[in-house]
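Peer 1: Each chain is listed here by its residues.
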Amino acid sequence: MDLTTETFHQEEEQWYHQFLNIHYLASWKKNYKTGKEENIPSLEFTLSRKCNLKCTYCYYTRHGKELYPDPIDRVDPSIANCEKILEYLTREKLAPSRIEIFGGEAVSRDQYKKLFDILYSYVLALPTRLKKRTSTSFSIVFPLNVIFLEDREYYDLLIQEQKKFLEQNVVISYSISFDGKYCDPISRPAHSSTFEYSDAFYSLVSRFCKDLAIPAGFHPMISRDNVKYWKNNIDWFFDYIKDTYSVTSKDVNRFLYLLEVRNEDWSLENVKDFYDFIVYIIDKIFEDPDICNKDPDKLLEQIKTRLFNLSSGIFAYIPRGLTCSLQTCLYVRTGDLSIIPCHRLSYPSFIAGKFEVQEEKLTGRVITEFPYMHLASVNTNFQTHADCSSCEIRSLCPGPCLGANYEATKDPFIASPAMCRMEKAKVFAILESCKKYGILDTLISHLKEYSTGTFNEYRRFMLSKSMQVTLLTQSLE
Amino acid sequence: MLKANNISLNFSETCNISCTYCFVPHNKEANHLNIRLREDILSLAFFDRVVARFDKQEIEYLGLWGGEPTLNLDVFSTILTDSFISDYFPNLKNIHFSTNLSKSISLSNIYLFLEAVKKLEKPLTISIQTSIDGPAFLHDIHRRGSEVSTVLSNLENLQGQVQTLYPFVTLTVKPTYSGDEYVLLSSNSEYLEAVFAFSDYLRNRGHRYGVTSAIPGRYTVKDGKAYGVFTQKVLDRGYSNFSEIYDLVQKLFQRVRDTKYHSRRPDLLTAFSFCSAGNSSLAIDNTGAAHLCQGTFLSMLGEEMRIDSPKDKLEKVGLSFDKTALRTAISPANTSALEEQMYSYVIRAVTRTALTTMNYTKSFLKILAISNQLSPIYKEDEDMLNLLAAIVIFGKYCINSNLLTTGAFELHTGSLAKLYGNGALEAALSHHLKQQHKKENA
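First to last, the sequence lines map onto chains F and V.
Residue 803 is where the first sequence starts when you use the numbering used here, and the numbers rise one by one after that.
Residue 212 is where the second sequence starts when you use the numbering used here, and the numbers rise one by one after that.
You may find that some hints are simply not true.
[Stated by the list, open to error] Listed next, with one range per pair, are the computed distances between beta-carbon atoms:
1. V:449 / F:839: 31 to 41 Å
2. F:922 / V:391: 47 to 57 Å
3. F:824 / V:597: 16 to 26 Å
4. V:587 / F:839: 22 to 32 Å
5. F:991 / V:356: 51 to 61 Å
[Stated by the list, open to error] Far from chain V, by Cβ distances over 10 Å, these chain F residues were calculated:
6. 813
7. 832
8. 853
9. 893
10. 919
11. 935
12. 977
13. 979
14. 994
15. 1001
16. 1114
17. 1160
18. 1178
19. 1182
20. 1247
Hints listed in this document are in silico derivations from the structure and should not be mistaken for laboratory results.
Just so it is clear, CB atoms sit at the ideal spot from N, CA and C, and this is done for glycine as well.
For reference, chain V alone in the conformation it holds in the complex (with noise of 0.2 Å):
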């Protein structure tokens, strides 16, 4: 039986709108699988399988995912109860999601959720995520079907209630931009007092603004000029929220500050990376299949992601391990023999791609600087092409993205090394030695 502190559902095979970065499939079958997902849920059938795998003492937080998870709150909220929870997560602490918001049935089930919640003797808080991009030049242009003036007045509406009724949760919202957005507002000065005044209104109303870079993307080295102006102009006026690659470079300076890690060492990986998947969490999808991350649960691909594979490839790997590679495998304890195998060779797998990732990006950075499709530093500088990959690898990587577009889980398209190599990376260095200087003399 796997352990896992953190557990990730999928519990939603549909979604109400259609983001254009989005990797979910849309399709009428998706909808069918939603309706069989909810007599699951109802019967409680898709908890048996959640125990029926991981051990139930060990959870303590669950993340739902989707598709948008909320479509299915509402029977979820007709069976939890104290005796749900003390039959399946006797030691739960806290569940999050993520929701867009959008239409008011997200909003009534989120009700009937808290309604439920509320009820339960047992104290659990509640994370609730929601997807604003912007304002509407952003936001309704990439959310097709999503409009935030209606999204934000939900938010008021449920932060209302949150105040009141359920002091249990905490609310928090996620705003993912693509590269035409920093096209758009690195060259529109209209625009971008725009979204300050936007992420000003929302950091009024207690909420925090931190813009997220889709994944993978397809950036070009324009996004990524237009990325380089972006993130100098909003760490001039003191906007550090809209700069993710500003919060990486700081991540990483304290990371080696704190932790000495050489920047070879593999373990670097699940130091620093953003991803938990596989490290705290693990994810189970609908035929009660694990897997490393949510990411693979709807994709045709990522068979390499999960940990229940089909029985051929246990015998190819599973069986065929020898005594010294278990011994050094990072595996759970009490696991099953033939479980603990296939897991820690997955675990093993992603965990130790690291070197593998560097050699392949470093590279890769050279031939792009060499295309000119970085800026020139990176041809001139080996330490900055260094960070570079560093910050490329082990800031944002998402095995889950790179399996789909390249094919191998090691492999990335090299798309965010463009927007974060042609300018931005060194504007948010320079920015940071700028901080740390004033820190010191100060």
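Isolated chain F (complex conformation) (with noise of 0.2 Å):
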């Protein structure tokens, strides 16, 4: 858009539109295109806030007035709004690698119909060469938590819909969100009062997952509130998965990713027992017949390919920005149309711009509110942070959430103390496993192969004596 650049407002507007096309754009119109284009960056619509649950460690329960303010809360123009950008990147040809549809998770099934509907005729604009019938070429992700599995029709709906959409040789996945068995009711309590976690809710669950055509993963989230039941969860969600999918417990990694919640309230003796429990898991594995069967260099595979996203951090690219999607994916709040850096900070002061609507439709120009924050964040190494840059984990770090840094400490850019820790503690468990089982050298030689630049620097942090979780056992003293 060739904008007349005669004030600040004007020239912040037409670089950020520069900024725009760098990085998500001119992929996607590339993308569309050719349908070959790799690394083009993901676009997440944040719905609502709204949710059926009230999880303890949940940024919205906490901060969602802030986050996603009421008087733009509301679903049903929140999905036109999504329908008014598809129809915008349709028109500008434009591709992005998958759409992830974010909450909250209080759609009615007529409004998931309404979303369904318009993502399909999205769908069925994209060309051919796009739709490969895989997740990882374009595809759309739905985290579900599964309290509405109940409702026959929303049951129907979800399985119909994600056949539909295979029919065009697009994948849909849902991503199912709950803590397992000895988690959920301490974690993720319900609105409702007639809700309760039962063996017939899992069950049912179950019978869902049997019923897709392309079967849903589980991300639970180990939090404070729930880590020390953690050891007997974990064992339950084995049994669960193989059960589910009929599988081995080699191939329970396919389905689950853990995910530790970011909060600054863990305390020592939540670290603690987070320590306690990835010590735990390793030796579960290296035990497992399926999986390591005592061999220690499956256990080192079992490691590399992510250990259930534990050791994701570990193994990580470097150099390396943020680990999460943020420098990956364009995030609206499609409540008020506005691009956030990420949907855990969407504070005003942060609220990159607006899409312009001119007859119900996207004109294509952002209008820009401050965005800063978008900048920094995409182009930001958590390496350079104050805290990050002098860490003694921080080639090994999955890295800190900026959403809960600035809860923490009210500054993106400064990580609280808690959640290092707790960081801390991930990969102190992960190297004593590794040390326990003689194979400390050898993930040692493998590292080098990800980090050619820091070696050196892996080198004498992991020969180090002092490496040997003192630091931990000193914090905890």
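The two chains are supplied separately, each in an independent frame; assemble them into the complex guided by the hints.
Peer 2: What follows is the structure, encoded as structure tokens:
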């Protein structure tokens, strides 16, 4: 868009457009044209913060009114805005790598139907070359908390829509967010007093998973509230996934994606429980005849293949910016068509800008508000952040969550020491286990492949005696 | 208890003029707050709060800020006695403040204050800075409510009195330009000659007229191009006191030569930055809360800059500090454990942001260059881009204005990059190198 640049604000809009073009639109355009592009950013619609659950660790539960203010948090207009964006993508021939639908989760069956319909229209207009029937080509991601499944119509809708999209060679990936039988009642209470987590509920979800054409994954959260129940919980998850998908223990890693909640409220006791849990899960897979069968080399493979996401930080490509999806995704708060750095950073002073609408259509112009945090977060490398730059595990850490940093310290670039301690516990637990099973040296040599530039740093760190959880034990004293 | 050599006090809640580029809010509430502030000065409650937070033995320099600090010098004069000094500031050497000197009340209050200082047994030096932007076509437009003719007349009066009665006083003049001045002066040689004459007039009276650009400013490419032309003209004419960018270039080169600091070293920030906040100076507001600088006294934001933060933040940040972090923290001695944690957290946060800011600035400058909002050289020459980034960050880095304009104190609006990066830095650099060359040949 050609802007006459005479004022500060007009110039701001002009460079921000250039930035959007470089980071998102140009590659979306190229992807649309060729269907062969790689490393294409995705697009996330943050639909609403309304939810049928009140999870103890959720940032919307704690900061929702600032992140998604009441006046704009209305689902129907929000879905109508999604339609406007999709129409714009079609009109401008833009194809993100995937579209993610994010909440909250207070979408009624009819609203879901509407959402699927507008997505389907977009999919129909997409060139065939982009539709490859895989989750790595163009796809749509829906996190679901599955509380609605008891409603048969809702259940059927989700199944049928996935099939319908698949006929167009587009995968809808459902990602199921519950924390597991031992944790859900503690960390994921429902608003409705009539809902209870029960064996019947988990059986229903299991049946739903079996009915799906494309299997759903699970992404439970490990939080300070539920961490002490996770040893039992992980055993339960193994059995549950094996039973649901008729697989062996070896395949559980494919379906289970563990995420530690990055909030500032982890106490020393919680961190200790987290450490113990990670040691427990590594021992468990080491002993499991289907996974490692007491073979250290197989354990090393497990750790290299992300260990239910727990070891992702260690093997993340270096040099890195942030290891979350912030830098590879354009986030739109659809309630007011705002571009935000990410859903956890949508505070008023970080709203980058809003899509302009004329005659119910996006014009392509983004009217800037505070585009600085978006620019900064996309370009940041956490190893340059105040505390991270001198941290002893900076090359092994998955890095901070900028939103969580802001909640704790009021600065997205400064981590809360409580969160750092939790991440350190994770890294130390993995390294200690490697040492216990005699694979630490091999791990170091494998790390070399991932970290050519900083290998000496690794070596110094990994081989140093001071590495041996002394920091952790000191802080636990 | 915090230790600082230089303390900034919020000495006035209000101002009698209204500058276009000022960050201090003007409202009715400010007047009410100022009445209370005067009562607190008179009852000494104001100073009780200062010594409750700061080690009084350490304080040698006292800065009075506002608003317009002279508006409350009359009440200060009534309590400024030897016993006051020995009770509150036993090692005080200097009091400094900046005034608009636009109204007679400032002048009369300053005299009351200087008389009180003169009577003190312990000698103090006083530094008074007067804000004068230039001839009326600059000053009267931007300093709304102030007339340069009155200010000059008041300054002359003050200077006369200082020379005869108050030899312990140092007077300086501070002009501030925003973009408009550069546009006007770069395109109109008559106006430019007039400001040169104005500068000569002040210089002949012993004042230096060193121009500062307003921050954060909302400078445009047009302002930057004008500033480029302006810089070239003033340097060609030998008026380097008008060129802030030339001053910054000289300082940066000097710093690099003297210290062999590598530009990635975070401590370059405190080494070169024009700002001493958190380094040698700290500030305290009227509630008794300590800040890194006086800039956050009156802003709604700035929670991060407050060293005394609400209890919940202490719980989130201060109390969860681990020992390693504490050991490496910069912290003053003899503070309470809790206070030390919070202080070191704030100081570390600010002094260690240099890498974050550098990373951000380089990305930002690249986008600006691609968007043709900087001279083409910054697209072509990585060294020039790095130099501009260093100047923008380390030369004129204001954490407070960053916070107010971008929501984070590491992030700036790119405004100064546009001011410096459209000809001015090139002109200043070229002039600097020529001067160096001359020196070497000589």
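Peer 1: Indicate, hint by hint, whether the structure satisfies it.
Peer 2: Structure-based check of all given hints:
Separation of residue 449 of chain V from residue 839 of chain F is about 57 Å and departs from the stated range, judged on CB atoms against 31 to 41 Å. Against the hinted window of 47 to 57 Å, the Cβ-Cβ separation of residue 922 of chain F and residue 391 of chain V comes to about 55 Å, which satisfies the hint. A beta carbon spacing of about 20 Å between residue 824 of chain F and residue 597 of chain V agrees with the range 16 to 26 Å that was offered as a hint. One distance hint, 22 to 32 Å for the beta-carbon pair residue 587 of chain V and residue 839 of chain F, holds here, with the actual separation near 30 Å.
Separated by about 59 Å at the C-beta atoms, residue 991 of chain F and residue 356 of chain V satisfy the suggested range of 51 to 61 Å. Non-interface status of residue 813 of chain F relative to chain V is broken: a Cβ of that chain comes within 10 Å, the nearest being about 6 Å off. At roughly 18 Å, the least C-beta separation between residue 832 of chain F and chain V is larger than 10 Å, which holds for a residue marked as non-interface. With a cut of 10 Å on Cβ distances, residue 853 of chain F stays outside the contact zone with chain V, its closest approach being about 24 Å.
Separation of residue 893 of chain F from chain V is adequate, the least Cβ-Cβ distance of about 24 Å exceeding the 10 Å criterion. Annotated as non-interface, residue 919 of chain F keeps its C-beta farther than 10 Å from every C-beta of chain V; the closest such distance is 38 Å. Distance to chain V confirms residue 935 of chain F as a non-interface residue, since its nearest Cβ pair spans about 37 Å, more than 10 Å. At the 10 Å boundary, the C-beta of residue 977 of chain F stays outside the reach of chain V, the nearest C-beta of that chain being 30 Å off.
No Cβ of chain V comes within 10 Å of the Cβ of residue 979 of chain F; the nearest lies about 26 Å off, and the non-interface call holds. The Cβ of residue 994 of chain F sits about 31 Å from the closest Cβ of chain V, beyond the 10 Å cut-off, so the non-interface label holds. The claim that residue 1001 of chain F is not at the interface with chain V holds, since no C-beta of that chain comes within 10 Å of its own (minimum 39 Å). With a closest Cβ-Cβ approach of about 23 Å to chain V, residue 1114 of chain F is found to remain outside the 10 Å limit, as its non-interface label requires.
Against chain V, the non-interface label of residue 1160 of chain F holds: every CB pair exceeds 10 Å, the least being about 24 Å. With a cut of 10 Å on Cβ distances, residue 1178 of chain F falls inside the contact zone with chain V, its closest approach being about 5 Å. With a cut of 10 Å on Cβ distances, residue 1182 of chain F falls inside the contact zone with chain V, its closest approach being about 6 Å. With a least beta-carbon separation of about 28 Å from chain V, residue 1247 of chain F lies farther than 10 Å from that chain, consistent with its non-interface assignment.
Violated hints for the displayed structure, listed by number in ascending order: 1, 6, 18, 19.
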